[in-house]
Amino acid sequence: MKKRLSSLATLVDGELIGGDGDLVCEGAFPLGEKTVGHVTMLDDLRRVSELNESQAIAVVCSERLESTSMAQIVVADPRQAFTKIVACFRPPVSLDLPSWGIDPSATLAESARIHPSAIIGAGVKIGERSRIMPGVVVLPHCQIGDDCIVHANVTLYEHTQIADRVTIHAGTIIGANGFGYRQVAGRHVPTAQLGNVQIDSDVEIGASVTIDRGTYGTTLIGEGTKIDNQVMIAHNCKIGRHNLICSQVGIAGSCTTGDYVILAGQVGLKDHISLGDQTIVGAQAGVMDDCEGHQVYLGSPATPQREQMQIMAVERRLPEMRRELKNLRRDIDRLIQQSQQTGYATMPSEPISIESCSKRAA
Amino acid sequence: MKKRLSSLATLVDGELIGGDGDLVCEGAFPLGEKTVGHVTMLDDLRRVSELNESQAIAVVCSERLESTSMAQIVVADPRQAFTKIVACFRPPVSLDLPSWGIDPSATLAESARIHPSAIIGAGVKIGERSRIMPGVVVLPHCQIGDDCIVHANVTLYEHTQIADRVTIHAGTIIGANGFGYRQVAGRHVPTAQLGNVQIDSDVEIGASVTIDRGTYGTTLIGEGTKIDNQVMIAHNCKIGRHNLICSQVGIAGSCTTGDYVILAGQVGLKDHISLGDQTIVGAQAGVMDDCEGHQVYLGSPATPQREQMQIMAVERRLPEMRRELKNLRRDIDRLIQQSQQTGYATMPSEPISIESCSKRAA
Amino acid sequence: MKKRLSSLATLVDGELIGGDGDLVCEGAFPLGEKTVGHVTMLDDLRRVSELNESQAIAVVCSERLESTSMAQIVVADPRQAFTKIVACFRPPVSLDLPSWGIDPSATLAESARIHPSAIIGAGVKIGERSRIMPGVVVLPHCQIGDDCIVHANVTLYEHTQIADRVTIHAGTIIGANGFGYRQVAGRHVPTAQLGNVQIDSDVEIGASVTIDRGTYGTTLIGEGTKIDNQVMIAHNCKIGRHNLICSQVGIAGSCTTGDYVILAGQVGLKDHISLGDQTIVGAQAGVMDDCEGHQVYLGSPATPQREQMQIMAVERRLPEMRRELKNLRRDIDRLIQQSQQTGYATMPSEPISIESCSKRAA
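Protein chains in written order, with numbering that gives the first Met the number 0: chain A, 0 to 361; chain B, 0 to 361; chain C, 0 to 361.
No lab work stands behind these hints: they were computed from the structure. The beta carbon of each residue, even a glycine, is placed where N, CA and C say it ideally should be. Just so you know, not all the hints are guaranteed correct.
Restricting the straight-line Cα-Cα distance to at most 20 Å, the calculated cross-link-like pairs of lysine-lysine (PhoX-like) are [stated by the list, open to error]: (1) A:83 with A:124; (2) C:325 with A:325; (3) B:33 with B:325; (4) A:83 with A:1; (5) A:124 with A:1; (6) C:124 with C:237; (7) B:325 with C:83; (8) B:33 with A:325; (9) A:325 with A:237.
Per label pair, the in silico range of CB-to-CB distance [as the list claims (entries may be wrong)]: (10) C:316 with A:271: 26 to 36 Å; (11) B:308 with A:308: 18 to 28 Å; (12) A:306 with C:6: 40 to 50 Å.
Covered by chain C, according to a simulated footprint, are these stretches of chain B (three or more residues, beta-carbon under 8 Å) [stated by the list, open to error]: (13) 53 to 63; (14) 182 to 188; (15) 327 to 336.
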């Protein structure tokens, strides 16, 4: 699907500045997702420098930008306008019901094998030797590469892109709406969920995994990454290459991981966290801050292993420490008493607060 | 389905006291679920005062109650009798297989659209403009309102009630049996799971969510509440209005939440917990006690934010605290030794227990 | 499926020692899974004594064993050879698509009831009065006993074995590949996942549960055990009898539990953990070490209840303890100062490290 710049500007009632209205756009993506020939959006003027690294041909923005030579569509509310533009490239999910069986507009490689109970939507492409098992639902405009296996009862929402040699186990859901709401008059109103999910080559995904679509852009699973059962990956995440993500891990929205990251079972990541290459996070840890790579993190909040091990070692001795504290107080009070009896001191024998202590000292 | 009081009394071999046997009952619900014209049960005599607030027309109980004017069905074992009565209004799940496609007894609005691979059971009702996607299984006697979307491969168990403008994402399971067992002769025997699930208007439910049916009554999701992927809500929960329940939260049986409650990712609630309006619980927290509303709770066990932040700040300094404890002991022992040398003290130089210390003091 | 010993030796290019090549093998299982008439493997010479307890008729090993009279197939790489042998008894999952509906080679009891939308693969057996609900996919060579209920949209992978009176709720996935990889040239290569899952009688399994197949052998769920929604049980686990496993529990690979074990909600078990009979683990606990039975464990890392309760009680008082530590330091410094002023001491007034303290003492 292609749109002329002028028609996009008209669509959102915007002013087209510094660009040829006949230029053809091939899609709409947020800043930072480098795709040639697309429209992007600037909703935070502090990110204006990122426009220069972008390969976009136009930007939707709220005021005329002097620091870029890129074509601009100037509107009052860039988010709202961009939502409209994205929606004309990738319509919101499921406005239509797919037909029964394989849609006539789907393109299936000759050696691909589709179980007759699977549903294959309009415009779907499936590569050589890929197998689609019973009960699988592939919604319109998904692409599946060569040598993939999609196991029983999997659901792929619209526009999901799957590269080659990808295995997806039963019951997994790819591309459902992200969990994004804003409050309007006491009600939670869903924000745009117009993006999609892209799974790179040699990825393996376990059973009952959920990976949500991006808000405007793409939730990405990097090449060679392996994901265990019941993992949750939220909207806009960019998972690196050759990660190992163990069972029941939950990754909140807009997180990024480097390459060779390992997340053990039941780990949780706060939203917008970034993990460096070769970060390892121990089971049940809760990651609250960015982690540099090449290191092991444990605990909740996750802390470098060395520190956390020391903390945990002391935690086990807490009851003993509390007893020792009482002993120390007892001993010290006795010493104070003695020194008072011998006339040396003016110290109180009861525990006192730091404040009262300072006052006395003064 | 309607039953005369006299036939219910006969069914459970009970004595009907103070009521007209010809009165017609329309259902059976536990105390506290206010439904007009139903039968209720009293299995704990301390709750007898709640009968006055009930709009039930009869109560199943183990002895004649003087303090109520409500009709009574007196039996030896009220739970067992009530199970029988509930079961004649809502038979246990899945005794029958639905037919292929849409059951002739289902009532579908003209503008409702049902994918041909979906299974629609007997007595199901589906409202205007609602869409049922591929692979969805709607078991008998479910009701779905107007403008709902039920995504692919969702399962709705018998008697699930869904209001208007509800979205349910792929793979979600609503109305499976609650996890309730009692031990009999070394084996776990399932308790009655005869209730249902009710989803109010404008609720959105993510992918791979599970919400279990009530034991006798209803598991309720309040209006406008949004539920993320892989959330688990157990039997008999009453979730309030406009809650935000993030991914992988687990809520055990019989919990209640107020309005505008927010539960962050991977939070767990113990059974029978009550959260006040606008309670916020931080990620991975474990709630062990009721929480008053209008406050943030963190940690496991969950504690008000202020307290928990102080605890966590100190936890990070535990190794340092332990070193300081050792230093204090060293310093104090030296002082004791000095005072002994100078003849002032009788203090032991080794750490001593509080008990031995008291004895010495005495 | 049966194979002669000599043909297995030829298959893996191995030397057959001390056995009759015409002996017939009926399967291949790892050491410790006692099955009569099968081939086993020894990949760790320290486990050679276990061969005597085995009922295998031959062992695949890397060198000639003197301490056993069992027939031996000697090869360079026993794991690789054993993988080949297992694969000829249980081919890797899903090489073939099942046919539409019920495969002609399936054996269904006369009173079994199969929904017409269910897929029943080749060689499947289903017992008396068992019911298979809509959208269920039963892959080839599964066995289901009498009086079972398999709810909607469940997937059973190849070779899953289910005994009598088993209930499996909607959306559950049994027998997907385990999460096992080894790194080769910077890529994660899946290890063999050729085993299966065996569910014993009277087990009940909730909705959206995942139980992975064994690597070579069997992942086992013992008789009478009840499993709640969204539980994850990894490859090679042996779950005991009459366990109660609550919602969102995650059990990593090769764990074993005794009888009457209870795991509360969101508990995690590290791989290769063993829990004794009647172990109880509290909600959200993380089990890092084996637990003897007949005891309650809490916390992460899981610790016996008595200890953990003491630790948690002190944790709540950490801020107070830190204040007291500061008070003690203040008091002691004042005492030291006094004793210095009166000429008794040589103590430093600043906190000092243990090391510097020892040096001074020396």
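| field | Annotated coverage of the stretch 53 to 63 of chain B by chain C, confirmed only when three residues or more have a Cβ within 8 Å | value | violated (count 0)
| Agreement of residue 83 (chain A) and residue 1 (chain A) with the hint, judged by alpha carbon distance not exceeding 20 Å | 15 Å, holds
| Does the hinted range 40 to 50 Å hold for residue 306 (chain A) and residue 6 (chain C) at CB? | 58 Å, violated
| Restraint check for residue 83 (chain A) with residue 124 (chain A), where alpha carbons must lie at most 20 Å apart | 26 Å, violated
| Is the straight-line distance between the alpha-carbon of residue 124 (chain A) and that of residue 1 (chain A) 20 Å or less? | Within the cut-off at roughly 19 Å; holds.
| message | Check the hint pairing residue 325 (chain A) with residue 237 (chain A) against an upper bound of 20 Å on the C-alpha distance. | response | Distance of about 52 Å is beyond 20 Å: violated.
| query | Does the structure keep residue 325 (chain B) and residue 83 (chain C) at a Cα separation of 20 Å or less? | reply | 60 Å, violated
| With a cut-off of 8 Å between beta carbons, are at least three residues of the stretch 182 to 188 of chain B near chain C? | With 3 residues close enough to chain C, the hint holds.
| said: Given a hint of 18 to 28 Å, does the C-beta separation of residue 308 (chain B) and residue 308 (chain A) actually sit inside it? | reply: Distance hint for residue 308 (chain B), residue 308 (chain A) holds at roughly 23 Å.
| Are the Cα positions of residue 124 (chain C) and residue 237 (chain C) separated by 20 Å at most? | Status violated; Cα separation ~24 Å.
| message | Please verify whether residue 33 (chain B) and residue 325 (chain A) have alpha carbons no more than 20 Å apart. | response | 55 Å, violated
| message | Against the 20 Å threshold, does the CA-CA distance of residue 33 (chain B) and residue 325 (chain B) hold or violate the hint? | response | 62 Å, violated
Checked against the numbered hints listed earlier, the structure breaks hints 1, 3, 6, 7, 8, 9, 12, 13; every other hint is satisfied.
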